[in-house]
Amino acid sequence: MRIRNPKMRFGTIDIQRFQTTAPTGPSPASFDMRFIAQVTVKNTNFGHYKFEQCYEGLLR
Numbered sequence: 001m002r003i004r005n006p007k008m009r010f011g012t013i014d015i016q017r018f019q020t021t022a023p024t025g026p027s028p029a030s031f032d033m034r035f036i037a038q039v040t041v042k043n044t045n046f047g048h049y050k051f052e053q054c055y056e057g058l059l060r
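Read in order, the letters of the sequence shown are residues 1 to 60 in my numbering.
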């Protein structure tokens with residue numbers, strides 16, 4: 001059996017907010033963005049599964 005990587009794609013994206021900060025001293029430049037997006041995940045390793053609407057946060 002061959003295991004495959006899932007594929008993740010963004011559909012429509014609606015940007016709600018986008019702010020940037022200039023670098024100051026040793027701190028690098030940064031940005032803050034809020035958006036609503038349709039995300040699809042295709043995973044051929046498992047059977048059909050449908051996710052409900054949800055909220056996700058991405059931090060780095």
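Since the hints were made in silico from the structure, they are not lab data. Here a beta-carbon is modelled for each residue, glycine too, at the ideal position from N, C-alpha and C. Treat the hints with caution; some may be incorrect.
[What the hints assert, rightly or not] Label pairs and their calculated CB-CB ranges:
| no. | residue 1 | residue 2 | range |
| --- | --- | --- | --- |
| 1 | PHE18 | THR44 | 23 to 29 Å |
| 2 | ASN5 | PRO26 | 20 to 26 Å |
| 3 | GLY47 | GLY25 | 49 to 55 Å |
| 4 | TYR55 | ARG9 | 16 to 22 Å |
Cβ distance range 16 to 22 Å for TYR55 and ARG9, holds or violated = holds, 19 Å
Determine whether the Cβ-Cβ distance between GLY47 and GLY25 falls within the hinted range of 49 to 55 Å.
-> Holds: the Cβ-Cβ distance is about 53 Å, inside 49 to 55 Å.
Honestly, do PHE18 and THR44 meet the 23 to 29 Å range at C-beta?
-> violated, 35 Å
Has the hinted range 20 to 26 Å been met by the Cβ atoms of ASN5 and PRO26?
-> violated, 37 Å
Checked against the numbered hints above, the structure breaks hints 1, 2 and satisfies the rest.
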